[in-house]
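Novice: One line per chain: the protein sequences are Z and E, in this order.
Quick note: the first sequence uses this note's numbering, first residue 702, plus one each step.
Quick note: the second sequence uses this note's numbering, first residue 702, plus one each step.
In case anyone wonders, no lab produced these hints; they're calculated from the structure.
Ideal Cβ placement from N, Cα and C applies to all residues, glycine included.
Any given hint could turn out to be false.
Not the full set, but computed from the structure, chain Z residues with beta-carbon under 10 Å of chain E [as the list claims (entries may be wrong)]:
#, residue
1, VAL723
2, GLU775
3, LEU782
4, CYS808
5, PRO851
6, ASP856
7, VAL876
8, THR883
9, GLN909
10, PRO912
11, MET951
12, ASP976
13, ALA985
14, LEU993
15, ILE1009
Cut-off 30 Å, straight-line C-alpha distance, at most; resulting in silico cross-link-like pairs (DSBU-like, lysine-lysine) [as the list claims (entries may be wrong)]:
#, chain 1, residue 1, chain 2, residue 2
16, E, LYS1019, E, LYS891
17, E, LYS772, Z, LYS987
18, Z, LYS1019, Z, LYS987
19, Z, LYS1019, Z, LYS891
20, E, LYS992, E, LYS1019
21, Z, LYS889, Z, LYS1019
22, Z, LYS1019, Z, LYS992
23, E, LYS987, Z, LYS772
24, E, LYS987, E, LYS1019
25, E, LYS1019, E, LYS889
26, E, LYS992, Z, LYS772
27, E, LYS772, Z, LYS992
There are 2 protein chains.
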Amino acid sequence: MSDLNVSHTRLAAFITATMQAVGLPADDARTIGELMAEADLQGSDGHGVIRVPVYIRRILGGAVNVRPEIKVVEERAATALIDGDNGMGHLVMKRAAELATEKARRCGVAWVGSRYSNHAGPASLYARMPLAHDMVSLYFAVGNANHLPPWGGLDMLLSTNPIAVALPAHEEAPVVLDMATTVAAYGKVKAKAMLGEMMPEGWMIDRQGQPLLDPHRREEGFLLPIGGYKGYGLSMIVGLLAGTLNGAAMGTEVVDFNNDDTSVTNTGQAICVIDPAAFGDTLAFKQRVDKLVREIHASERMPGFDRIWVPGEQSHLKRERHLAQGIAVPASLVRELDAVARQLGVPTLADTPTP
Amino acid sequence: MSDLNVSHTRLAAFITATMQAVGLPADDARTIGELMAEADLQGSDGHGVIRVPVYIRRILGGAVNVRPEIKVVEERAATALIDGDNGMGHLVMKRAAELATEKARRCGVAWVGSRYSNHAGPASLYARMPLAHDMVSLYFAVGNANHLPPWGGLDMLLSTNPIAVALPAHEEAPVVLDMATTVAAYGKVKAKAMLGEMMPEGWMIDRQGQPLLDPHRREEGFLLPIGGYKGYGLSMIVGLLAGTLNGAAMGTEVVDFNNDDTSVTNTGQAICVIDPAAFGDTLAFKQRVDKLVREIHASERMPGFDRIWVPGEQSHLKRERHLAQGIAVPASLVRELDAVARQLGVPTLADTPTP
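All chains, full assembly: derive it from the sequences and hints.
Specialist: Structure (structure tokens):
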């Protein structure tokens, strides 16, 4: 069996079908299917269709509410706290991004946090949403499994807690940073395991502080934070902003959702949206972003570099390539997805009709 | 000549006297003296009294406005853009922090940016201000000299662009992260040069990509970002938020204020303040912060670590020690400060009367 090349629309339709099969309303299933396929489209392959088996297993295990009443439980002019009622994180954070955009238009800036949310895929999915309104966004999330001890410690109290920031440009592609506060995201470790490849040194260490290279031994060690103690600090701060502030899980409260099909995760996320119009002319701002991007592109290069990338550019190009040529789903993942399809009685990915 | 041990109040009084001697109004001079001494107090010794010679040189060179009209030029309910009128950054960002705190109390969150500001000392000085009101704060700044090329490049288009985040706890010390997006801040490189010490590998590289260890050769190379390309991305994003969004300098526009005594820097900074009361009960939030801090402290430790630190804790302890025992000013710096005092006709640091 070889890799399967599928269109983004087929991928979205397949995911939607699996979500509907386990009880999600059609609209919600479609929202999740589109957002997860969008993750694969932009090359966030640790967060797209690869997550279907875990999501479905957890929904069938009763860990996730398929008919949530997502609601605002605290609100001020420029803020809101959304209780996700343990629904899929994609639904909660799409709502949060929309609400924050609306509030930012009125107040200049807005901050919307979530609790009782769930894993929502790549951070940049949500940070990118306000770009359509020419707005700037920052996104923070508590990762759904602790893989990181505090600096100098052995207890895994912290996660890869990602940050994403997106800013619109005028003629250039938007600048979109999406980074785990660890050297590698855990999804990348699992992708390596699935591909049968070893990890480079610097991604993980074992409990003796020695490099851990085999992704199948990932349970025996932990991820390394970027910049040593700085990345540890950043991970903790992101967790405090996205989790603790919202009354969501942090530290020992975080549930490892990869190894648990029944517990509520009480996942926390936060999105901050800024309207550049509150700081002057939006077009002039976007042109200043263009100018900076062009200065960076034009930089003299070190030997061995044939181009200089701006954050988000590689995803942007992957997205264009995937739209034109389709997305390659690895054979091992296709087998897993086929098993899910058989279990749920929906067409396999290869047989899913595209709308 | 040996190191001079001085109290924080003497340090503040000396700095205040130098600022007044070059034309700043008494109140403004005192604000700057207190904030700069506070930097030394918390151990940010690359940002305290060590900066007096450069600040004075630039003021005497006409690069900084000693009688600025600092004013809000754009405003929404939860945002403001402050034009610093090329005044000292300390004055501009103290005003920004106060305004953001006031707006956050009404709106839940606020974001205040600056342009035509100047170097303002350590980021945490301003992120810490809202703690007195039980508020959370994020601070971003464009560094005042480019020491960092884009990843794979040789043109120094980016600075150490720091991030600071402060969150209040209940019984524990507040959590305060203050980090340059480079492995080392440039102030630390200069502190090493002043102490006659070599830098550890990983702080700087030369244009051939080789480690640069001698801090006196710092002009021949550049700082390394944390986590490689991630830190480059973070530095760029911080610069976009603190500089580009506000119409302040970024990229090639950044003036190296260490080597220029006449040019306006158009420095940009930004502060975001969040009122935890907008997300639930503030005391309950602060108790959750306590809980996380205690979990981290209690973590099992790796060999070689005798305690686990939470961001801000070392500064907190340095502050207590400096308050009790005074601050040691290195002999080489005392000589420089004595020369400034003689030039301005104010008492030397040793002879400055304490109020």
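Novice: Decide, hint by hint, whether the structure agrees.
Specialist: Hint-by-hint comparison with the structure:
For VAL723 (chain Z), the suggested interface contact is broken, since its CB lies about 32 Å from the closest CB of chain E, more than 10 Å. Interface hint status for GLU775 (chain Z): upheld, as the beta-carbon distance to the closest one in chain E is roughly 6 Å, under 10 Å. The beta carbon of LEU782 (chain Z) comes within 5 Å of a beta carbon in chain E, closer than 10 Å, and the hint placing it at the interface holds. Because the smallest distance between the Cβ of CYS808 (chain Z) and any Cβ of chain E comes to about 4 Å, under 10 Å, the interface hint for this residue holds.
Taking 10 Å as the C-beta cut-off, the interface hint given for PRO851 (chain Z) holds, the closest approach to chain E being about 5 Å. At its closest, the beta carbon of ASP856 (chain Z) sits 4 Å from a beta carbon of chain E; the interface hint therefore holds under the 10 Å criterion. For VAL876 (chain Z), the shortest C-beta to C-beta distance to chain E is roughly 6 Å, which falls under 10 Å, so the interface hint holds. For THR883 (chain Z), the shortest C-beta to C-beta distance to chain E is roughly 9 Å, which falls under 10 Å, so the interface hint holds.
Of the supplied interface hints, the one on GLN909 (chain Z) holds, with its beta-carbon coming within about 8 Å of a beta-carbon of chain E, less than 10 Å. Using the Cβ-Cβ criterion of 10 Å, the hint placing PRO912 (chain Z) at the interface with chain E is not satisfied: the shortest such distance is roughly 14 Å. Below 10 Å, beta-carbon pairs count as interface contacts, and MET951 (chain Z) has one with chain E at about 6 Å; its hint therefore holds. Below 10 Å, beta-carbon pairs count as interface contacts, and ASP976 (chain Z) has one with chain E at about 8 Å; its hint therefore holds.
With a least beta-carbon distance of about 8 Å to chain E, the hint placing ALA985 (chain Z) at the interface is held under the 10 Å criterion. This hint holds: LEU993 (chain Z) has a C-beta 5 Å from the nearest C-beta of chain E, less than the 10 Å allowed. This hint holds: ILE1009 (chain Z) has a C-beta 5 Å from the nearest C-beta of chain E, less than the 10 Å allowed. Distance hint between LYS1019 (chain E) and LYS891 (chain E) is fulfilled; the C-alpha atoms sit about 20 Å from each other, no more than 30 Å.
Restraint check for LYS772 (chain E) and LYS987 (chain Z): the C-alpha separation of about 24 Å stays at or below 30 Å, so the hint holds. Our distance criterion of 30 Å between C-alpha atoms is met by LYS1019 (chain Z) and LYS987 (chain Z), whose separation comes to about 23 Å. Of the pairs offered as hints, the one joining LYS1019 (chain Z) and LYS891 (chain Z) holds, with about 20 Å between alpha carbons and a cut-off of 30 Å not exceeded. Using a Cα cut-off of 30 Å, the hinted pair LYS992 (chain E) and LYS1019 (chain E) holds, with the two alpha carbons roughly 23 Å apart.
Restraint check for LYS889 (chain Z) and LYS1019 (chain Z): the C-alpha separation of about 17 Å stays at or below 30 Å, so the hint holds. At most 30 Å may separate the alpha-carbon atoms for a hinted pair to count; LYS1019 (chain Z) and LYS992 (chain Z) meet this at roughly 23 Å. Pair hint LYS987 (chain E) plus LYS772 (chain Z) holds up; C-alpha atoms about 24 Å apart against a cutoff of 30 Å. Distance check on the hinted pair: LYS987 (chain E) and LYS1019 (chain E) sit about 23 Å apart at the alpha-carbon level, within 30 Å; holds.
With a C-alpha separation of about 17 Å, the suggested pairing of LYS1019 (chain E) with LYS889 (chain E) holds against the 30 Å cut-off. For the hint pairing LYS992 (chain E) with LYS772 (chain Z), the CA-to-CA distance comes to about 27 Å; that is within 30 Å, so the pair holds. Proximity of LYS772 (chain E) to LYS992 (chain Z) is assessed by CA-CA distance (about 27 Å); at most 30 Å being required, the pair is judged to hold.
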